[in-house]
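Student: What follows is the residue order along each chain.
2 protein chains.
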Amino acid sequence: MKQVLIKDLYRNTESFIDKKVELSGWIRTIRDSKTFGFIELNDGSFFKSVQIVFDDKLENYKDIAKLPISSSVKVEGDFIHTPQAKQPFEIKATVIAIEGTSNVDYPLQKKRHTFEYLRTIAHLRPRTNTFSAVFRVRSIAAYAMHKFFNEKGFVYVHSPIITGSDTEGAGEMFRVTSLDLNKLPKNEEGKTDDTKDFFGKETNLTVSGQLSAESFALAFRNVYTFGPTFRAENSNTARHAAEFWMIEPEVAFAELPDIMDLAEEMVKYVIGYVLEQAPEEMDFFNSFVEKGLLDRLNNAYTADFGRVTYTEAIELLKKSGENFAYPVEWGLDLQTEHERYLCEKVYQKPVFVTDYPKEIKAFYMRLNEDDKTVAATDLLVPGIGELIGGSQREEREEVLAAKIKELGMNEEDYWWYLELRKYGGTKHSGYGLGFERLIMYLTGMTNIRDVIPFPRTPGNADF
Amino acid sequence: MKQVLIKDLYRNTESFIDKKVELSGWIRTIRDSKTFGFIELNDGSFFKSVQIVFDDKLENYKDIAKLPISSSVKVEGDFIHTPQAKQPFEIKATVIAIEGTSNVDYPLQKKRHTFEYLRTIAHLRPRTNTFSAVFRVRSIAAYAMHKFFNEKGFVYVHSPIITGSDTEGAGEMFRVTSLDLNKLPKNEEGKTDDTKDFFGKETNLTVSGQLSAESFALAFRNVYTFGPTFRAENSNTARHAAEFWMIEPEVAFAELPDIMDLAEEMVKYVIGYVLEQAPEEMDFFNSFVEKGLLDRLNNAYTADFGRVTYTEAIELLKKSGENFAYPVEWGLDLQTEHERYLCEKVYQKPVFVTDYPKEIKAFYMRLNEDDKTVAATDLLVPGIGELIGGSQREEREEVLAAKIKELGMNEEDYWWYLELRKYGGTKHSGYGLGFERLIMYLTGMTNIRDVIPFPRTPGNADF
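Chains A and B are the protein sequences, given in the same order. With the working numbering as the guide, the letters of the first sequence map in order to residues 1 to 463. With the working numbering as the guide, the letters of the second sequence map in order to residues 1 to 463.
Hint data in this document are derived by calculation from the structure and do not stem from the laboratory. Warning: the hint list may mix true and false statements.
For chains that are exact copies, the list does not tell them apart, and a pair is met inside one copy or across any two.
Only pairs whose alpha carbons sit at most 35 Å apart, straight line, appear in this in silico DSBU-like list of lysine-lysine [to be verified]:
(1) K19 / K422
(2) K48 / K19
(3) K110 / K358
(4) K20 / K74
(5) K20 / K152
(6) K48 / K191
(7) K147 / K268
(8) K152 / K86
(9) K111 / K422
(10) K111 / K201
(11) K34 / K62
(12) K2 / K403
(13) K86 / K358
(14) K191 / K361
(15) K372 / K2
(16) K152 / K7
(17) K147 / K291
(18) K403 / K66
(19) K19 / K152
Quick caveat, the model's predicted, so the values are computed rather than measured.
Excised from the complex, chain A in its bound form (with noise of 0.2 Å):
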């Protein structure tokens, strides 16, 4: 017999009624009598767990009955429609096999455990409600930006991993090496020969996919990248990782307003597929994670984002009368407390500030007219802060060229980026979205730490 998935139980209860059923699954719970008893059967396929009776007809009552938690098993058995009941259906067992008896000291017991407990034992935290929860969106919402991209018509690039640039021109960088570090090849001035090195040279892990997304939007218009970056920050706090996946959408003949229309519409798009499909986990979210979380992510998805200039923000907040920790000052970057007023306080939705001064944003962001600003914008939504940041790009050769020297880049290492605005260059714009952020903003989890399956951070790289 073909085995059945619970989420199907869930979801084609209908189909099922009065049908003989073969499924697998991880005991959650396990109660028995003498001669009955009731398992609390998870197959990972759906939030949820079914009900399966279990009486001594069976020849391994004993046996079934006091198998530990989490151990795993076949069941064949009746579908029981049970409508008027608090669960809509259970399982009448017939045969249940026994597939893996798990040992009685399973750290995951009936109890509620601490995050922090939960992140030293992260090969199984996936099995408990919380972590189901997260990884399930976590999924649904990484298929969901592939969908939004893939209706769009956008192109999805596998911008490189190890790099021998650094796209911010400013980032604390990981090494890559082949070399043997105890014995490390030297040249004539003592130092280490990089060109010994796999590469020829220095290389690290990337920051960003930007600069190669943005060749490539110079062939295909719509592109966007999926995939890892990385920061060597000594950073300890609940928002920073030092592995995290990035989304960078970028568009050829695309200004500001046009990439602040494509990531509010992108936003939307993945709370909306989210909340579709995964009810039960939003559900728990919102009753166990964060009170409010779906008003929020509601009013997100149907108001209009904010839309404010830096320059007017900064009024704003000077305004406010608020006492805030850090200093408000035109020129000086906002701080999340500056960015979480806007957006709860003022706005009390997602809200766009753009036009940055050019001291505080990167080199590759166009120069406005104004000659004080960029073309840039944040994305600061309630709860998180910064969500999204996105520039429109420098294209003029020889403005980005002057900024590269200007900073004291390694102009080398950006000949074909300014290749790209030699030939053929156009306009073009395009953002990034930290989508651990996006996680955490759609699940109300506050540490990073907690939604992503196996987090590297400083001192820890454990799994």
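Chain B: place on chain A using the hints.
Tutor: Quick look at chain B alone, frame taken from chain A:
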């Protein structure tokens, strides 16, 4: 006026008849007489270009007429339906605005370039017919993959890129470090003090997400990874890259034949999807890259894949009468020449070889009853050889622990992997597909450097 994409003009031609349109793109070719001219304009949304007709009624006629190829323009004009002509429509321009004037030394002049040369301008090559087709097919195949697994309810897992362990127990790995290679901290033994590194220990780039995927399969039942993997192997062949993307599904409660069925269904799904979504590109490959490509793919799409044991395959090879460069002997691994003989000459279609000698396969593969072979499979396909490698995993804790010990692997690294067997372990199986191999299979391209946007190989991490 909202801009239209050239893809829409081709796919929904009827709806544009007698309409005014606005579009942007890059000039592929341009020719003119004194009073009128033709531009072949491509906007990246579609494999084909559109013909723009312009004449000296344009006030900037002379400027337009002398634009170098690859210049970008915005065109407004009338859509002229020409069903009798070679091209089913053209645009009669009323306005042409210059977006970006290209330089006359644009490297992609209208002549054939070698793939070797085009690798040196990887930032421009997606603008050529061949690479526009390759990278669009790559994008479509990636989407097909996500769509396939999504439809089957698989959870997409982002397995970690930076890792403290070595899945295969044998790979040559890249070291990841935040230490300054010119100021390495030393421990008491005078060696590099890895505890001072970012993660407090030595870390490397992953060679596979499988172990992580197993952890998640034992929570979600059906999962897959799709992410970059790395090999620091110094092999300069047409089939190896230091950085490539892998798809690794992992299925709980599945035995070897189950995942062979899954792999066969997946390969057919992707072939079908690409043929349907990229007919122009696939025709191009069939005409200009590999004659017979479409026959080969249609054959794979319709045939039942062959299935043969390694032991039988060795017999077939021995009695083949072929003069192989490498020896054929039970216990030796199959070489590409053997693999291709089996699928191209014997079966003339994709074939799964199963049950390899345990000595030549990885530690995690399940030992068969015969104590000599493991429940492993490779899928061999014409033109490529090995496309997929998979196995049933060793779920018996004591057998697995003994194997890890026997191979002298670092047991401490695998505590959590062993715990997956201790707590609710169950039969499970999975496989890995090298995504670039699949793209080579789908396009007929023969060098892996030509199916990766910016390839990383020994001595090369340009762009």
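Student: Run the structure past the numbered hints and jot down the numbers of the failing ones, going up.
Tutor: 3, 6 and 13
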